[in-house]
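*Asks:* The chain contents come next:
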Amino acid sequence: MNTRGLRSQLKDSVPVTGLCPQAGSYGVQDSLRRGFSSVKNELLPSHPLELSEKNFQLNQDKMNFNTLRNIQGLHAPLKLQMEYRAARQIQRLPFLPSSNLALDTLRGSDDSIGFEDILNDPVQSELMGDPHIMTEYKLGVL
Amino acid sequence: KCPLVVSRTFWGKNIKCVCFYRNALLEADINKLGFSSPAARKTGTTICGVVYKDGVVLGADTRATEGMVVADKNCSKIHYISPNIYCCGAGTAADTEMTTQIISSNLELHSLSTGRLPRVTTANRMLKQMLFRYQGYIGAALVLGGVDCNGPHLYSIYPHGSTDKLPYVTMGSGSLAAMAVFEDRYRPNMEEEEAKRLVRDAIAAGIFNDLGSGSNIDLCVITKGKVDYLRPHDMANKKGVRTGSYRYKHGTTGVLTKAVTPLNLEVVEESVQTMDTS
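Chains A and B are the protein sequences, given in the same order. Taking the working numbering, the leading residue of the first sequence gets 1, the next gets one more, and so forth. Taking the working numbering, the leading residue of the second sequence gets 1, the next gets one more, and so forth.
The following block holds chain A by itself, in its conformation from the complex:
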């Protein structure tokens, strides 16, 4: 992975400021919600491991589902993904941190500890979004 160099980490689509991925509604850059954007931030990752870490869980899941499909047939990953989708919907109000207990139990990550449990724990975050604004955003009223 290291030998391919930084060029291989350029994101697939060349984003132009204002088009994606900072685009909000109307396709315009959403400064209010996502802050200022710069081409440098969009094109290159700020750390060599950023892309690999961002997609780590997704890639693991993809690999596991593929193996499961090859062994047990299509129904197995289909059923599991349906359960994940259901468990992911069990959330508290948008401005409160959710425990995601059902999701963790399904994933099997309830008996393992990683950096995401120690560093930057959302339960201990000093900032909280404004409750009214966040619920309005979630409901699509904003």
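A couple of the hints might just be wrong.
Computed list of lysine to any residue pairs in SDA-like fashion (alpha-carbon distance at most 20 Å, straight line) [said to hold, decoys possible]:
1. A/LYS79 to A/SER112
2. B/LYS128 to A/SER112
3. A/LYS62 to B/GLN129
4. B/LYS128 to B/LEU107
5. A/LYS62 to B/ARG133
6. B/LYS128 to A/GLN57
7. A/LYS54 to B/MET130
8. A/LYS62 to B/MET130
9. B/LYS128 to B/GLY139
10. B/LYS128 to B/LYS73
11. B/LYS73 to B/VAL227
12. A/LYS62 to A/HIS47
13. A/LYS62 to A/ARG88
14. B/LYS128 to B/ASP148
15. B/LYS128 to A/LEU103
16. A/LYS62 to A/LEU103
17. B/LYS128 to A/PHE56
18. B/LYS128 to A/ASP111
Quick caveat, the hints were computed from the structure, so don't treat them as lab data.
Mind docking chain B on chain A? Use the hints.
*Replies:* The following block gives chain B in isolation, referenced to the frame of chain A:
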């Protein structure tokens, strides 16, 4: 009131990468001013392990360096992983500390879930998968040893995630000195005293021949059902005792005259400010 919705960019689950921007900016600014940014505290180290007849002996020196300065004269490099597994760590001190703690927690949860004593190979696999995931950015070189249901095992784990299962291993900046001693005197199925002497001599070779290692020698003897954590096993570098004192005795300087002037201070104003201790 400005309705600003705070949205966070995550990579991974909760890890942000804003710190890298800040560090890169700081680095550039500091270099412009002519200073160099602080170096991470490393444990330029000698750690080693040997498998003997009944178990495993792990050894480590106790010096932690920060560049050319000794940061900790007596740090503990043999970390607990589980009651029957211990791990010596070389490389960046914080990395070895946090990595071994995370793996220790995971192994504890795993052993509670299986209901069995954890195996050394489980710890090895967890460590190597985590270190490979971070592609060597976690600078932890480890010597993992323990006794489980299959007997004594010893592994060496490199920062990029490769591991070796061997009867005797050394890691760290003093590894060559220690390995020289091992290559000369190791033989299979040693007795406990002989194994302890061998590890002590290997670490001493690292301490006296490598600048990054020093101070005392810690040993950890792991057998089936028993762990002997000998800290310090041998104080190879004791600080000397001062033979004389340069302090002057009372009365060395003769007093010629003495004049006492009392200062009359009167209380002008007194105010009490209560602290908010809520």
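*Asks:* Against this structure, judge whether each hint is valid.
*Replies:* We went through each hint and held it up to the structure:
1. A/LYS79 to A/SER112: violated (24 Å)
2. B/LYS128 to A/SER112: Holds, at roughly 16 Å.
3. A/LYS62 to B/GLN129: At roughly 18 Å apart (the allowed maximum being 20 Å), B/GLN129 and A/LYS62 satisfy the hint.
4. B/LYS128 to B/LEU107: Holds, at about 14 Å.
5. A/LYS62 to B/ARG133: Holds, at roughly 16 Å.
6. B/LYS128 to A/GLN57: holds (18 Å)
7. A/LYS54 to B/MET130: holds (15 Å)
8. A/LYS62 to B/MET130: holds (19 Å)
9. B/LYS128 to B/GLY139: Holds: B/LYS128 and B/GLY139 sit about 12 Å apart, inside 20 Å.
10. B/LYS128 to B/LYS73: Distance of about 30 Å is beyond 20 Å: violated.
11. B/LYS73 to B/VAL227: With Cα atoms ~25 Å apart, B/LYS73 and B/VAL227 exceed 20 Å; violated.
12. A/LYS62 to A/HIS47: Violated. A/LYS62 to A/HIS47 sits at ~24 Å, over the 20 Å cutoff.
13. A/LYS62 to A/ARG88: Holds, at about 17 Å.
14. B/LYS128 to B/ASP148: Judged against 20 Å, a Cα distance of about 19 Å means the pair holds.
15. B/LYS128 to A/LEU103: Violated - the C-alpha atoms of A/LEU103 and B/LYS128 are around 26 Å apart, more than 20 Å.
16. A/LYS62 to A/LEU103: Since the Cα atoms of A/LYS62 and A/LEU103 sit roughly 16 Å apart, the hinted pair holds (cutoff 20 Å).
17. B/LYS128 to A/PHE56: The hint holds at about 16 Å.
18. B/LYS128 to A/ASP111: Holds, because 19 Å separates the two Cα atoms, which is no more than 20 Å.
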